[in-house]
Amino acid sequence: MSTKGIVKGIISNLVTVEADGPVMQNEIAYIQLGDTKLMSEVLKITGNHAFVQVFESTRGLQVGDKVEFTGHMLEVTLGPGLLSKNYDGLQNDLNKLTGIFLNRGEYNFPLDKKTLWHFVPLASPGDVVEAGSWLGQVEENHQPHKIMVPFAFEGTYTVKSVAKEGEYTIMDTIAVVTDADGKDIKLNMIQKWPVKKAINIHSEKPRPFKLLETGVRIIDTVNPIVEGGTGFIPGPFGTGKTVLQHAISRQAEADIVVIAACGERANEVVEIFVEFPRLDDPHTGRKLMERTIIIANTSNMPVASREASVYTAMTISEYYRAMGLRVLMMADSTSRWAQALREMSNRMEELPGQDAFPMDLSAIIANFYSRAGYVYLKNGETGSITFIGTVSPAGGNLKEPVTEGTKKAARCFYALEQSRADHKRYPAVNPIDSYSKYIEYPEFESYISEVISPQWTSLVNDMKTILQRGKEVNEQINILGDDGVPVDYHVTFWKSEVIDFTILQQDAFDKVDAVTSLERQHYMLNLVMDICNADFEFAGFVDVMDYFKRVINVLKQMNYSAFQSPEFNAYETDLKNILAEKTI
Amino acid sequence: METKAFQKIYTKITRITKATCSLRATGVGNEELATVDGKLAQVVKIQGDEVTLQVFSGTEGIPTNAEVVFLKKSPTLKVGEQLAGRFFNSFGEPIDGGPVVEGEEREIGGPSVNPVRRKQPSELIATGIAGIDLNNTLVSGQKIPFFADPDQPFNQVMATVALRAQTDKIILGGMGLTNDDYLYFKNTFSNAGALNRIISFVNTTEDPPVERLLIPDMVLTAAEYFAVDKNERVLVLLTDMTSYADALSIVSNRMDQIPSKDSMPGSLYSDLAKIYEKAVQFPEGGSITIIAVTTLSGGDITHSIPDNTGYITEGQLFLRRDSDIGKVIVDPFRSLSRLKQLVIGKKTREDHPQVMNAAVRLYADAANAKTKLENGFDLTDYDERALAYAKDYAEHLMAIDVNLNTDQMLDVAWDLFGKHFTSTEVNIRQDLVDKYWRK
Ligand SMILES: Nc1ncnc2c1ncn2[C@@H]1O[C@H](COP(=O)(O)OP(=O)(O)OP(=O)(O)O)[C@@H](O)[C@H]1O
Ligand SMILES: [Mg+2]
Numbered sequence: 005m006s007t008k009g010i011v012k013g014i015i016s017n018l019v020t021v022e023a024d025g026p027v028m029q030n031e032i033a034y035i036q037l038g039d040t041k042l043m044s045e046v047l048k049i050t051g052n053h054a055f056v057q058v059f060e061s062t063r064g065l066q067v068g069d070k071v072e073f074t075g076h077m078l079e080v081t082l083g084p085g086l087l088s089k090n091y092d093g094l095q096n097d098l099n100k101l102t103g104i105f106l107n108r109g110e111y112n113f114p115l116d117k118k119t120l121w122h123f124v125p126l127a128s129p130g131d132v133v134e135a136g137s138w139l140g141q142v143e144e145n146h147q148p149h150k151i152m153v154p155f156a157f158e159g160t161y162t163v164k165s166v167a168k169e170g171e172y173t174i175m176d177t178i179a180v181v182t183d184a185d186g187k188d189i190k191l192n193m194i195q196k197w198p199v200k201k202a203i204n205i206h207s208e209k210p211r212p213f214k215l216l217e218t219g220v221r222i223i224d225t226v227n228p229i230v231e232g233g234t235g236f237i238p239g240p241f242g243t244g245k246t247v248l249q250h251a252i253s254r255q256a257e258a259d260i261v262v263i264a265a266c267g268e269r270a271n272e273v274v275e276i277f278v279e280f281p282r283l284d285d286p287h288t289g290r291k292l293m294e295r296t297i298i299i300a301n302t303s304n305m306p307v308a309s310r311e312a313s314v315y316t317a318m319t320i321s322e323y324y325r326a327m328g329l330r331v332l333m334m335a336d337s338t339s340r341w342a343q344a345l346r347e348m349s350n351r352m353e354e355l356p357g358q359d360a361f362p363m364d365l366s367a368i369i370a371n372f373y374s375r376a377g378y379v380y381l382k383n384g385e386t387g388s389i390t391f392i393g394t395v396s397p398a399g400g401n402l403k404e405p406v407t408e409g410t411k412k413a414a415r416c417f418y419a420l421e422q423s424r425a426d427h428k429r430y431p432a433v434n435p436i437d438s439y440s441k442y443i444e445y446p447e448f449e450s451y452i453s454e455v456i457s458p459q460w461t462s463l464v465n466d467m468k469t470i471l472q473r474g475k476e477v478n479e480q481i482n483i484l485g486d487d488g489v490p491v492d493y494h495v496t497f498w499k500s501e502v503i504d505f506t507i508l509q510q511d512a513f514d515k516v517d518a519v520t521s522l523e524r525q526h527y528m529l530n531l532v533m534d535i536c537n538a539d540f541e542f543a544g545f546v547d548v549m550d551y552f553k554r555v556i557n558v559l560k561q562m563n564y565s566a567f568q569s570p571e572f573n574a575y576e577t578d579l580k581n582i583l584a585e586k587t588i
Numbered sequence: 415m416e417t418k419a420f421q422k423i424y425t426k427i428t429r430i431t432k433a434t435c436s437l438r439a440t441g442v443g444n445e446e447l448a449t450v451d452g453k454l455a456q457v458v459k460i461q462g463d464e465v466t467l468q469v470f471s472g473t474e475g476i477p478t479n480a481e482v483v484f485l486k487k488s489p490t491l492k493v494g495e496q497l498a499g500r501f502f503n504s505f506g507e508p509i510d511g512g513p514v515v516e517g518e519e520r521e522i523g524g525p526s527v528n529p530v531r532r533k534q535p536s537e538l539i540a541t542g543i544a545g546i547d548l549n550n551t552l553v554s555g556q557k558i559p560f561f562a563d564p565d566q567p568f569n570q571v572m573a574t575v576a577l578r579a580q581t582d583k584i585i586l587g588g589m590g591l592t593n594d595d596y597l598y599f600k601n602t603f604s605n606a607g608a609l610n611r612i613i614s615f616v617n618t619t620e621d622p623p624v625e626r627l628l629i630p631d632m633v634l635t636a637a638e639y640f641a642v643d644k645n646e647r648v649l650v651l652l653t654d655m656t657s658y659a660d661a662l663s664i665v666s667n668r669m670d671q672i673p674s675k676d677s678m679p680g681s682l683y684s685d686l687a688k689i690y691e692k693a694v695q696f697p698e699g700g701s702i703t704i705i706a707v708t709t710l711s712g713g714d715i716t717h718s719i720p721d722n723t724g725y726i727t728e729g730q731l732f733l734r735r736d737s738d739i740g741k742v743i744v745d746p747f748r749s750l751s752r753l754k755q756l757v758i759g760k761k762t763r764e765d766h767p768q769v770m771n772a773a774v775r776l777y778a779d780a781a782n783a784k785t786k787l788e789n790g791f792d793l794t795d796y797d798e799r800a801l802a803y804a805k806d807y808a809e810h811l812m813a814i815d816v817n818l819n820t821d822q823m824l825d826v827a828w829d830l831f832g833k834h835f836t837s838t839e840v841n842i843r844q845d846l847v848d849k850y851w852r853k
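Residue numbers (this note's numbering), protein chains in the order written: chain W, 5 to 588; chain L, 415 to 853.
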């Protein structure tokens with residue numbers, strides 16, 4: 005018999021329930037309100053009182069209303085058909101909901117029970133398997149989707165039978181396994197998993213080292229992220245967090261992209277709905293939507309399911325990683341999730357930490373980021389989840405709990421800067437304060453010297469030195485005046501501007517400039533660094549500026565032209581001519 | 415509101431604070447309306463049989479034996495075509511002396527639109543003001559506030575925008591509006607002969623501040639009626655959202671919630687988002703566009719109210735007095751319309767995006783030159799030209815009294831580029847320079 009309860013108190017979406025039996029922390033309960041049932045999650049238990057957060061508006065709820073506990077935590081349903089779906093934070097398929105408005109209490113099954121999938125067995129009778137072992141595969145949007153032994157299974161099992169190659173629905177039995185006690189268990193293509201628990205079915209989690217190509221120069225060239233790496237993008241409002249994340253999700257070389265729109269604008273999600281089915285994956289030529297799953301809990305959707313939304317997205321990511329795929333997960337914005345935690349914690353009158361956030365905020369963030377990573381599966385294959393979250397610091401001040409907590413957890417830091425955004429120097433990533441810890445990994449260095457060139461790392465370091473020098477020199481020019489410093493200073497400054505305009509700045513809305521292949525990034529960096537390493541002769545500082553503006557103009561035209569196209573080559577010739585005028 | 419026969423009347427209030435009163439009652443729903451001593455109140459907390467009510471106009475003068483009647487419903491608005499041309503208070507009651515509106519009664523603060531039922535905004539809203547149309551183009555279905563100091567003419571600019579925009583209905587939500595500003599809107603709209611497409615819900619500084627919490631939901635319920643049921647293009651004006659947020663903080667502080675930054679409730683982001691996210695474009699043609707005002711204190715945009723607003727809205731518009739020309743301009747640096755890329759260069763001329771960016775970049779060069787000048791340094795020839803350009807740019811494009819179509823704005827910009835710069839200095843894609851550069 006499942007536990008039942010009665011509503012005893014209501015403050016906003018925090019409801020006190022008197023239960024008549026055992027209740028589990030984080031258990032899901034449904035509250036009956038008229039004809040509808042409102043989903044809720046247990047947050048705290050004292051005596052026979054459970055405090056539940058309702059994932060919906062509690063308008064009209066009364067003391068005495070009936071509650072039913074389900075006996076399980078918040079779960080997602082995993083199986084073929086997740087790709088291309090638009091879910092809410094609780095994994096309801098938004099496209100299946102009827103009506104213009106999101107009516108509370110409307111929940112649905114997240115997959116399609118009737119679709120036939122072409123199943124190919126991978127295991128054979130007699131095989132000894134365990135949680136996560138591959139039993140077979142179906143093709144989902146041209147990707148191999150592995151059907152696995154449910155992650156919740158403990159110990160080993162023996163395969164008794166596997167379905168023959170053929171067409172099956174997710175509900176059909178595709179294998180029978182026998183447990184240690186000799187009991188047969190029928191398996192279909194779906195399984196459930198509680199979102200707050202990490203799926204740990206891999207044998208090893210080494211340090212990640214393979215560059216994840218994003219096509220964004222300020223990432224790939226300057227501070228690269230790796231397959232299975234973690235990064236975060238803090239920045240005041242309007243500095244380009246979402247534009248940068250969208251660019252990465254369009255262009256990155258990943259098999260699966262999971263986007264969690266967490267407490268941000270609905271129009272930004274609509275943009276993905278509209279563009280992704282149309283745009284091509286630059287690596288496979290297929291439509292972007294085919295590899296994408298969207299979890300939308302926009303800012304006007306129930307606050308309580310904001311937290312659920314990032315966990316739902318992470319669990320789905322882990323599911324695909326277990327198939328040996330490269331998953332890229334994005335969350336915009338993790339600050340909204342932290343705020344949802346704050347609202348609930350305040351309502352429960354917990355002792356507040358800094359800025360009234362829960363005391364354990366930074367542990368929660370660290371725990372979440374730790375679910376990303378590059379793994380060796382037990383069958384020797386590899387899989388990865390690269391996770392990039394945005395952070396929206398209050399007042400743009402990076403000394404606040406969410407930014408600080410995230411900084412401890414994430415290995416790449418892409419700090420967006422108000423003044424760069426104000427000057428339209430997009431992407432407004434501060435090239436000097438930002439970092440990628442992966443550059444320091446020897447594994448990464450040897451990988452990069454193989455895929456790009458052995459000189460790459462030192463070239464990038466030289467570039468960063470010039471940027472740093474340029475900044476210092478600029479400060480001096482501002483203090484001493486244009487003619488208060490040697491002409492050389494101006495040359496150094498303008499060399500850093502050449503790097504800024506050509507390598508760092510990138511127009512996310514220009515078809516050509518938006519995505520730069522690794523080959524092209526290599527080519528352009530060589531070109532720019534040749535300029536930076538050349539010696540120039542100028543009569544006075546005015547000439548320096550005029551001259552480098554011409555150089556920058558030609559380089560920008562190159563950025564706007566298709567790589568090695570006739571225009572591109574013509575601009576390069578122009579550039580050579582301009583350089584010949586002044587180099588010595 | 416008259417009492418119906420079956421309603422139970424309570425007369426024993428057990429606790430009274432500045433904004434709330436509590437009593438023992440059963441069968442009461444969360445967020446249900448009630449009257450306390452004839453004043454409208456709403457259930458904000460239920461603990462066992464103790465119910466806490468927030469009294470909108472404050473609890474002054476309420477005795478412990480006051481009559482409390484529960485109304486069995488949450489706040490509602492009667493919607494219908496008859497709303498057009500009318501003025502209402504926070505409760506949706508007429509304040510223009512006209513008759514009570516008859517129509518379908520709808521709960522305010524209703525559910526959000528399913529994101530998959532939205533259409534991507536794509537219709538440009540022309541205002542004639544280049545500081546908006548050229549640099550920060552508005553799109554129908556967008557939400558955008560003016561960030562302004564209290565002494566700036568934001569209500570005038572907003573009224574101009576509203577009247578020039580092609581819309582079917584304009585719905586004004588006035589929160590903490592001074593009586594003078596209320597009359598300004600009323601006169602401007604009626605002088606423009608536009609009253610019949612305007613609906614106003616107004617809470618003035620003379621009304622109790624907590625009442626204004628109802629205004630945005632009233633406005634947006636009316637807006638959804640016209641946008642969803644009638645497929646109309648609705649423009650919503652909300653002024654001033656800072657007064658709204660202040661009222662939120664009054665309520666939350668009186669209810670002993672732990673305040674977060676700037677004494678604002680921890681839920682400020684969600685509270686504001688719930689309002690602004692009602693902005694929408696529907697596939698059937700109806701839309702809700704929200705233009706709001708957030709007044710700043712001492713120009714501080716890191717304060718919780720503008721900060722949270724900036725994180726929610728699709729850009730923001732700053733007004734600034736330009737000392738070079740002695741006029742108010744739309745500040746090209748801090749202003750931003752996030753949705754502009756959906757229309758510029760697509761619904762407007764191809765050179766729009768690049769011209770806009772180049773013009774602002776050159777204006778920034780002038781700002782640097784100005785800093786040099788202030789620090790007593792010599793200016794280069796380029797600096798001098800940038801300064802001259804900046805003055806022209808402010809006068810002929812950024813000033814709020816400009817009224818041009820976008821092609822004209824772009825032509826003016828090319829004129830200014832040609833007048834002050836060489837084509838390599840403006841950094842625009844070559845094919846556009848070839849086509850539009852003034853020889
Ligand atoms: N790479 C870019 N190229 C061109 N424009 C950009 C770029 N990045 C950002 N922008 C401009 O900045 C605007 C704001 O960017 P975005 O929406 O990504 O900001 P955000 O940091 O996500 O803000 P919020 O925190 O409010 O969500 C964009 O609408 C666009 O106009
Ligand atoms: Mg954003």
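Fair warning: there could be bad hints in the mix.
[Claimed, not checked] Here are the simulated EDC-like pairs of lysine to aspartate or glutamate, each with C-alpha atoms no more than 16 angstroms apart in a straight line:
no., chain 1, residue 1, chain 2, residue 2
1, W, Lys468, W, Asp437
2, L, Lys533, W, Glu272
3, L, Lys533, W, Glu279
4, L, Lys675, W, Asp359
5, W, Lys553, L, Glu495
No lab work stands behind these hints: they were computed from the structure.
Hints and how they fare:
1. Lys468/W / Asp437/W: 11 angstroms, holds
2. Lys533/L / Glu272/W: 11 angstroms, holds
3. Lys533/L / Glu279/W: Between Lys533/L and Glu279/W the Cα gap is close to 12 angstroms, so the pair holds against 16 angstroms.
4. Lys675/L / Asp359/W: 7 angstroms, holds
5. Lys553/W / Glu495/L: 60 angstroms, violated
The structure does not agree with numbered hint 5 stated previously, though it agrees with all others.
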